[in-house]
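Enquirer: Top line first, the protein sequences correspond to chains R and W.
In terms of my numbering, the first sequence opens at residue 1 and continues consecutively.
In terms of my numbering, the second sequence opens at residue 160 and continues consecutively.
No wet-lab data here; the hints were simulated from the structure.
Heads up, a few of these hints could be off.
[Unchecked claim] Below, in silico cross-link-like pairs of lysine to aspartate or glutamate (EDC-like), each with a Cα-Cα straight-line distance of 20 Å or less:
1. W:385 - R:78
2. W:406 - W:450
3. W:456 - W:442
4. W:381 - R:78
5. W:547 - W:442
6. W:549 - W:442
Read off the chains here:
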Amino acid sequence: MTLNRDFFTAVVFLLVTAGMYVATYSLPEPMFNQLASWTWPRVILVPLGLLSVVLLIQSQQSGQPATSFAGLVVWARENVNPFICFGLFFLFLLALPTLGMLLGGLSYVFLTLCVLGGWQPRQLAVHAGISIFFVTGMWAIFSFLLGVILPEGTILRVY
Amino acid sequence: MFENIALAIPELFTLTNMMLMMVGTTAGLLAGAIPGFTIAMAVVLVLPFTFTMSPVQGLATMIAVYVGGLSGGLMSGILTGIPGTPSSVATTFDGYPLARSGKPGLALGIGVWSSFFGGVFASIVLMLVAPQLARIGLEFQPVDYFSLVIFALTVTASLAGDQMVKGLMAGLVGLLVATVGSDVVFGQPRFTFGIDAMEQGFAFLPVLVGIFAFGRLLGDVKNREKAHQPLGGETHVVHIDYLGAAKEVIRRWGNTLRSSAIGVFVGVLPAAGSTISNILAYDQAKKTSKEHEQFGKGAIDGIIAPEAANNATAGGALIVMMALGLPGDIMTAIMLGALLIHDVIPSPSFISDEPTIAYSIFLAFFVAHFMMLALQSFTLRGFVMITKVKLYMLSAVILFYCAVGMFALNNVAWDMWTLFIFGIVGFFMRALGFPVVPLVLGVVLGRIAESRLSQVFARSDDIGVFLSRPWSLFFLLLACFSILFPLYQKNRGKAAWTLYYAPVLLIVMAWPVFQMPGSLRPILAICMVITGLGMAALNFKRGLAPQETE
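Isolated chain R (complex conformation) (with noise of 0.2 Å):
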């Protein structure tokens, strides 16, 4: 057996698509008849079971090599920067409601480019400006405009 990347793929989906199908089991019962509420996810979960097994089955006859740690350090290292972007998001969504928008817009996008960019002192300067422009004016836009109520934080709440 080659523990290869179709593999693993393979033995995660077989492993939700169970746990999603003992799921529905928790769903309600329908009422007057009609479709109930776990028919269509069963008819989805069913297929995709099956699929996965044939994608388990191909992994075994495609030659694929098998994954090392190794191989995955190398593949974390080539993707550092997309990971670094989901993070700055994430930590940009948690603190949404104490930073706001405009704030946490601000300190998203400047440190984003300054990760991705650089820190030398003339690039913060211009990451600085880039930030503040766009940042500010995109705020003024959907604020002002667009009549948008975006999420103003606790720091810069008024009332």
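For chain R, the structure is supplied; the task is to place chain W on it using the hints.
Expert: Okay, now just chain W, sitting in the frame of chain R:
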């Protein structure tokens, strides 16, 4: 038709609408010209600005962005050799060599005129065909719609080629994602796992933007060196040779018409967008051209074909979306989202119930092509300026803009979390080799499929209705053939059975067509059987070519 056009004209041709459409076309042209920036992203970014507009204003603006985006890709494709969008990949094959040979103005002009003619052709087909298709759509019952959705998903998955299993799995995951939230029939919570916010489910626009924009932008900044490079190569402002190019395009009207027709046809098919049509039209132009040895070296026909086809595809996709209310690709899925935001629900009766809005959309598509023609020179200067911006700067700003735009959709923070979650999902699915288009279409079509299925079961428990209704059987049979299509493509010319794929398709499909009402369709069915038998006999006589059997 003409009275509906007369109703739509005063609605569309207002100063505000024209200004908005010009801004939209310019934005689309610029966005389409930036390599790595897809048209879908451009339309998504414009969407929040249309919330406060009237339906006609908002939709006309988005159509203008769409048309601009389709034509913008030719600028970078011809001047830098890097296609601005996947829909202009084939344009670079001959556009770039022609520009390098000292005729960039002519190459750009041919691209612009071809886009224009392709778009105008599609607009006319859109206005003529969409109402007729909607009339056929009125025959559809819930069971037919459900089968149509299944067909759309199988086609999408089959386009994944060798990755068909992963394509089907992605489509099913999309359908599963759409089940999260509240049940379609009773509104009871489903798969919420105790999280209150999950009861809202996942709105499809944040899912779509998460998978496409997030995944795409983060993919662009993956490579540190690439992220620090300017968006385009060395570009300079050139003067577009409108007159010389127009003469060349008109002289080659056969290619323009054929490529536009290919574009419309591909657009009508579910999931097959301009990414496919431009390559297909290029291939056909090469096969039929008398100067096929010039292809790849700056052939004029090689620029006309992809550019006419990609603009015409948009018209084809709009036909299905407007007539049946079903999005066939990502772009029309976004357009459908925009329509729903403006309380416009496309369905077979939409064109007859809301002729002003429907024909305003048709006209906007037509008018946007004239604007594109006029604004191309102007945006070329803007494009040259934008190419100097570094990729990471654009990515960081757009990621934030996506978040604001998705929040503005429903004024709930959960949509931003949806964006984030599906950004990760899209990123990992791409990394694991899954096509993401079936996933997105699954999310969009999931609720439609379930509600139609519930309507089917509300009428009867008999599942035989899926096979006894002609339209349902028609779509289910097509779905079966589309599943087999990658196998057919792989073995074409090598295995004997592939000789009979098309004839069997024709003969089998004739059965549901024969059962349809009216006198024309049974006659059509008989013609299909005769053609199928003829093709089978001819292929049997010919057999496999000797070099193919080796």
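Enquirer: So, for every hint listed, does it hold in this structure?
Expert: Structure-based check of all given hints:
Restraint check for residue 385 of chain W and residue 78 of chain R: the C-alpha separation of about 13 Å stays at or below 20 Å, so the hint holds. Distance hint between residue 406 of chain W and residue 450 of chain W is fulfilled; the C-alpha atoms sit about 18 Å from each other, no more than 20 Å. A threshold of 20 Å between alpha carbons decides the hint, and for residue 456 of chain W with residue 442 of chain W the separation of about 15 Å falls inside it, so the pair holds. For the suggested pair residue 381 of chain W and residue 78 of chain R, the alpha carbons sit about 7 Å apart, so the restraint of at most 20 Å is met.
As the CA atoms of residue 547 of chain W and residue 442 of chain W are separated by approximately 34 Å, the hinted pair breaks the 20 Å bound. For the suggested pair residue 549 of chain W and residue 442 of chain W, the alpha carbons sit about 35 Å apart, so the restraint of at most 20 Å is broken.
Going through the hint list in order, the structure does not satisfy hints 5, 6.
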